[in-house]
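J.: The lines below spell out each chain.
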Amino acid sequence: MAPKIMKQGVWAPVMYLLPALIIMSIFVVFPMVNTVRLSFLDSKGQFSAATTCLEGQPCWGAFENYRYALTNPEMTTALKNNALWLLLMVPATVIMGLLIALLADKVKYEPIAKSLIFMPVAISFIGAGIIWRFIYSIQSGEGEQIGLINAILVAIGKEPVAWMSSPAVNNYALMVVGVWLWAGFCMTILSAALKSVPAEVLEAARVDGANEFQVFFRIMLPIVMPTVVVVTTTMVINVLKIFDIVFVMTGGNFGTEVIANRMFKLIVTDTGRSMAIAVLLVALTIPVMIFNVSRFRQQERSR
Amino acid sequence: MKPFAKLNKFLKKLPVHLAVILMCLMWVLPTLGLFVTSFRSREDVRTTGWWTVFSGSETQEELAGFDEYSTYCAPCHADDGQGVEGIDLFGGNVLAEYPRGNRLYLYLKEPLDGEPHVKDPPLPETPKEALDIVNPVHSYMAEPKESETFFGQFSANNYLDALVGYKGTKTYAEDCSSEEASALTKFSCNLADDLANPEGMGRAFINTLLVTIPATILPIIIAAFAAYAFAWLDFPGRQWLFALLVGLQIIPLQMTLIPISRIYARLGMQDTFLGIWLFHTGFGLPYAIYLMRNFLGSLPKEVFESAYIDGADHWKAFWKIALPLAMPAIASLGIFQFIWVWNDFLVAKIFLATKPVLTVQITNLIDPRGQNWHLLTGAAFLSFIIPMIVFFAFQKFFVRGMLAGSVKG
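Protein sequence lines correspond, in order, to chains A and B. In this note's numbering, each residue's number is its place in the first sequence (first place is 1) plus 477. In this note's numbering, each residue's number is its place in the second sequence (first place is 1) plus 21.
Among the hints, erroneous ones may be present.
Derived lysine-lysine pairs resembling DSBU-like cross-links, with alpha carbons at most 30 Å apart [what the hints assert, rightly or not]:
id, chain 1, residue 1, chain 2, residue 2
1, A, Lys672, A, Lys583
2, A, Lys583, B, Lys30
3, B, Lys417, A, Lys672
Far from chain B by the CB rule (all over 10 Å, computed), these chain A residues [said to hold, decoys possible]:
id, residue
4, Ala527
5, Arg544
6, Asn549
7, Leu561
8, Ser643
9, Ala645
10, Arg683
11, Val705
Calculated directly from the structure, the hints in this document are not laboratory data. Ideal Cβ placement from N, Cα and C applies to all residues, glycine included.
Chain A with its partners taken away, still in its complex shape (with noise of 0.2 Å):
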């Protein structure tokens, strides 16, 4: 609370907040006003989208673009493939980030193995992307596979995958790539967690006898649980909107597209339906949006 004895006048709160308000009005509660509106237009933003309707086609009247967002068959690979990063690649990083905080706790070189780990998160999506479609290349025909996994399948013996052009492997090869670049991330706030546990705590459960399995899931996992909700709801909302990775790899193409390289794609030739991809994808973000806000009330009263 702020101490009631400093003198205030009546603008001066107006006055320290207006800067961020109006460019907060401008540049993101305006602009998803209207995005919403545009989602209810045609191509051009002109007129109603059930002006886009077809003579004998199914037809969701001013909801027309939602019945795209929903239906076409692009989209709904999008919408799968969101889904199968949720389902895979989310876990598959908190348990990893975890896996390497628990593990690089025990070393000494602990904060050079961290800090090594953590790295990809300074560079860019499209830097990762250059790296992992250089690792993930093939050559076709006669020559030496330059790309590190094709030439290891090559030296064993295999046949060379092409990774990105392969329906039944580029998406798994994809979120390969999301662990190596979050794994870093969930690793540090995890860790932190880890470091906070007491450490009588453990000692007095490893004197009794318990081994480290035991210790694990019986003492630590309970207590670095909000952190793991915390950590996990911040993936689903980065997965949620994925982009960057599949724009620079594969630009959506072989059956690995993702909603907002979808959106992305419509941007210019067709607002209308571009926006109401939008809209959906906030649509699937609320419910975290949601329990985010309700933890910042519960952090607000235990403060």
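Let chain A serve as the given structure and place chain B on it in line with the hints.
T.: Leaving out everything else, chain B in the frame of chain A:
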């Protein structure tokens, strides 16, 4: 007994050490590969994996064109290229006179002393088949015949090419040093001029700096004011407004691109630095206000009270007390925002298309056939240098900023 105890302890921990080191290797290897590749020549990158640099240079028999040379040329010119009196095939004179394979081919078609130049065995009749032999021989003649040293296989040419935006098949330096070739390129070969090439990474580097620095400072200043009001001023709806701002953090950037670009188009702010600074400010603010308010709110109330008793007003308290004390938070925030804006692609792609920043320029360099890895690896590493320095120098602040906050973007 002591040494055994130590050994025992080490052995017990061995699996942990192995696991940690293995993970570190897995995480570093991709970037290391990119780094090594960025110093290798175009030809090397195209033909061999980057890990081969550690296994020594290739022998003569492995060089492209060796078989063709031994079959068609070696009978007269010998293996060392000096079999004919006064002519040294590997000395460079032949290459200078016939800089391309097809020119060498035309020369070889001309009779020598009334007889075909190549007669035992003769070159194939069709030009295409003959060129398939002459071209490898030509490149074989260009290969240095003495074995290379380890460091001899590396050069900074890719970086120079990326900086000036040279997309040809040789290198910028090579093209500019040969007289006739310089007429073919669109470069002036004056380095200062060429670095300004809008298609090069050099120019993109400057653009990125011009975007990033104001887009880092602006939101921090504005957020500091707002955070001070939220922490130390009393006004109706304070909690409510603050919760709203925190909630706005979750709005994805994608939601706002089109409406903003429409406003910009109307105001003539499309493709201006001002436009992108303001956009990044708008999106940096929610998180910045959140972090700053939490930090300022945790400062002891007594500091402000005693300042007030000494006659300071809010304006003074803000500048003289709150800001200096908030330096750690400002550092965290600054580094966070700096790296975020530096690495941004989507916003720059849409609002600053004609003045590409590093990330956008890299995507412009991508060759879908994968023929310019040498250039891309150099370009990517150029874009890493600054964020990596910032990251390793200020990692502590970066981590602190991350721990304090939640989601960005």
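J.: I'd like to know which numbered hints this structure contradicts. Please list them from smallest to largest.
T.: none
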